[in-house]
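Q: Residue strings, one per chain:
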Amino acid sequence: MSLLKIQNLKQHFPVRGGVLMRAVAQCKAVDGVSLELGTGETLGLVGESGCGKTTLGKAIVRLLNPTEGKIEFQGTDITHSSMGALRPMRRHMQMIFQDPAESLNPRHTVRDILEEPFIVQGIGTRDERKKWVAELLDKVGLSTSAAERFPFEFSGGQRQRIGIARAIALKPKLIVCDEPVSALDVSVQSQVLNLLLDLQREMGLSYLFIAHGLSVVKHMSDRVAVMYLGKIVELAPAEELYHRPLHAYTKALLDAIPIPDPSKRRERRLLSGDVPSPINPPEGCAFGHRMKNPRWESSVGMDLTLKEVSPGHWVQPCPCCTE
Amino acid sequence: MMSAADSILQIRDLVTAFDTDAGRMTAVDGVSFDVPRGKTLGIVGESGCGKSVTAFSITRLLPQPHGKILSGSILFEGQELTTMPLEQLRRIRGNDISMIFQEPMTALNPVQTVGKQLAEAILLHTQCSKSEVLVRSIDMMKKVRIPAPEQRLNEYPHQLSGGMRQRIMIAMALINTPKLLIADEPTTALDVTVQAQILALIADLQKEMGMSVVLITHDLGVIAEVCDEVVVMYAGRVVERAPVHELFAHPRHAYTRGLLDSIPKLDSKPKTKLKAIPGNVPGIADFKPGCRFAERAGQAHTAEQLNTRPAFVEVSANHWVENCPICAA
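Order-wise, the sequence lines are chains A and B.
In terms of this note's numbering, the first sequence has 203 at position 203, counting the first letter as 1, and numbering is strictly consecutive.
In terms of this note's numbering, the second sequence has 291 at position 291, counting the first letter as 1, and numbering is strictly consecutive.
Next comes chain B alone, as it looks inside the complex:
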């Protein structure tokens, strides 16, 4: 793994669980990765793989009182986030670390104007005059390329299109020039054309402001377009981690290969069968101690492989894989 100097965020053996009526459900089970400074790290996997729970663990925005970080460490610029007092964490959240959520309509307050919500984001972290807030808000809205920003400040979220709303979310997240941006499926609810705009915008602003980005998505196409490093998650664990070119050229885990194969390619022959991964992601209550991809891998696992967790090993420079003898062949 990288040294602390190259990475802005280091996650080690993170375990996050939810207490439910049916008992304790471990949604994130021993996840480790580093976010390289100034680069984009993508987290990919299907719904129910623990991507969002990992993101919410970093900012400690897990649903309360059920969600808990049980063990592990999250170091942000050398500071331990998991045990930090909330007072102190609030100064980091929205300031040094910002988040963008999937559905901008539910993440924005419907009864407050866009301007008021932007002002709140500024005033929570800095003391400045009304006119200064206005200047900074308009400046930021220009940066995310919202036309006629002065007028938009007085509008409500419902008056904006989906793409515009997501731009407002990005403006709010970036207004305090964060060092780390966590974007949780920022383009899933948007059209492909708008998705391309938003991804280009995030990449431009990243270059300009020098921030690091964690991009969570289920779309390997998006990963290929914008990420430098990739973490593949399955059923609460990281099954593979590699630089983006390495991952697409030499996928090692059966799950990564399955994901890559199941995308319809533009140059494939129409109306032919697509390769699919059989079955579904297991429910959180059915997570096995051993290889969790076993039942979808198409090859029988031994009892031992089902009951002992495979080691996470480095197979080539910076390319790590969960070393199940069957799935990581």
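So here's chain A without its partners, still in its complex pose:
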């Protein structure tokens, strides 16, 4: 049984306007996503800004109320669970945020930050918590004396380690990592990625790893899902996706990565423009509109649910994007 299973998940936000602030349109941030995640597995999620990656992550840990669809966590349907019903579940699903400077309370010491999950869940005595905080700090590679200091006293990489310590405090099963390294320098980035890999092996964690850089995602993931305008357009094992991308958007993302080798400079197929607005998304296949010679007409009215083309390799069967 998979740890997490989501079916046709939709997260729409009303766009309000006019004098009465009525909903005049729907922003379809996540528009029909189905995914599964096994124990100890990492599922990468890539796409440009504005394609709904973060919204999907937040909807999964139920920081949002999904509009439609179903989220099953450890076999329990949590799509519409109340806050009270969710609380015991929350210790099994945690989140690591992009900017550790903004996701740590600047007025709390590291000890306050790391003790809070235990207090909220009502676990342990004061002495036990003190011991656990020391263990957590040790686990993420910080010294025990860090507990009495404030977040601003740390560098970006160390702050992200605090964020990770908070996320693993309750020994969760699933961690949604939302761009955990994009605010960090390259050398520190690899330290944090190594830490995440170690913790996964040690604690059997499952990750939903969200990032916009395909090279980082590919390195961290077992399988990778490519998202465009609220929908998954391709899903495949990491190696397979890199060696045999099928969807034109995946190819474009791979092509845009700068390769750190000057002898491999090449002519690149550049994407033009930006992701279209998820308010009134274009007709038919959304990516067809952004290609050099838009050929989206043929996909209007087609059923664009993912099709499995080879074992584990799923792609949107749009005629214009998959050749």
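Everything labelled a hint here was simulated from the structure, so no lab data went into it.
Fair warning: there could be bad hints in the mix.
[To be verified] List time: in silico DSS-like cross-link candidates among lysine-lysine, alpha-carbon distance up to 25 Å:
1) K251(A) to K269(B)
2) K273(B) to K171(A)
3) K251(A) to K271(B)
4) K142(B) to K292(A)
5) K139(A) to K275(B)
6) K264(A) to K269(B)
7) K271(B) to K171(A)
8) K139(A) to K271(B)
Please arrange chain B on chain A, whose structure you already have, making use of the hints.
A: What follows is chain B alone, placed relative to chain A:
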């Protein structure tokens, strides 16, 4: 080093410091390099290595009154910029030397239309009529490939996407056809796809206008894609300098090698350990007189190596390295 004829900008022993409550902090400590004419020079290093301070020293846009150029020389087409009267420098800044900044949202004025900001850039340096300004603005916006430029002129920065804003910044920087463009992390805040567009755009315009470019970035991938020469900075100093092919093929300094190794490669095996440089860039107050990479190099340095600055030597044609016996092995 190159002769003056081949280089548009020559920096020698530049020292830039900030006066703070805790004393004088030397952010750039004796930096020398040349920018070849018509080529792209990349400056790479992590945050806190002095890349941006070097760039701001060239245009003398250091935060005032704390930032000061203490010594050294910056020659632009034979003119000394460090001691030039401000009046004269203002005629060069935005005209012969332009800058693009990292975050276009904070670098653009939020309460003025795009058209007004472009017009300001023109009118500061040339006298021309309103209609001429309009023609030049629209022309430039077409060059940076902004669709429907006439309409965009009347829009405010917040109405544009990140990529569009950065295009406006580039249009502003290039509108007076500068000889030297300094781009400080121009694509860091952007998506990879938009980054590829912007880098291609800068390269195209460079070819068309024949300008020289200084590109500051922390991404060695970007360096490999667009630069001709590379300067690697660490803790306020240049640790290595070489033509791009030479640097990637034969990195000499341990820091350069560490940076190259820590990039996840697309062809590496997933979920394997990445090589990382342990620790962090030291804070500016902890800069040592000797080899500054010592504490992250993984090998013990002698007291002498920690206390005397290693010489900067040419190891092969045009390939220079800070010659610490341990880090530059």
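Q: All hints are to be evaluated individually against the structure, with a verdict given for each.
A: Results of checking the hints against the structure:
Annotation: proposed proximity of K251(A) to K269(B) holds, straight-line Cα distance about 20 Å (limit 25 Å). With a C-alpha separation of about 23 Å, the suggested pairing of K273(B) with K171(A) holds against the 25 Å cut-off. About 22 Å separates the Cα atoms of K251(A) and K271(B), which keeps this hinted pair within 25 Å; it holds. Proposed proximity of K142(B) and K292(A) is supported: the alpha carbons are some 18 Å apart, at most 25 Å.
Of the supplied pair hints, the one linking K139(A) and K275(B) holds, its CA atoms being roughly 19 Å apart against a limit of 25 Å. Annotation: proposed proximity of K264(A) to K269(B) holds, straight-line Cα distance about 20 Å (limit 25 Å). Between K271(B) and K171(A) the CA atoms are separated by roughly 21 Å; this keeps the pair inside 25 Å, and the hint holds. For the proposed pair K139(A) and K271(B), the alpha carbon gap of about 19 Å is at most 25 Å, so the pair holds.
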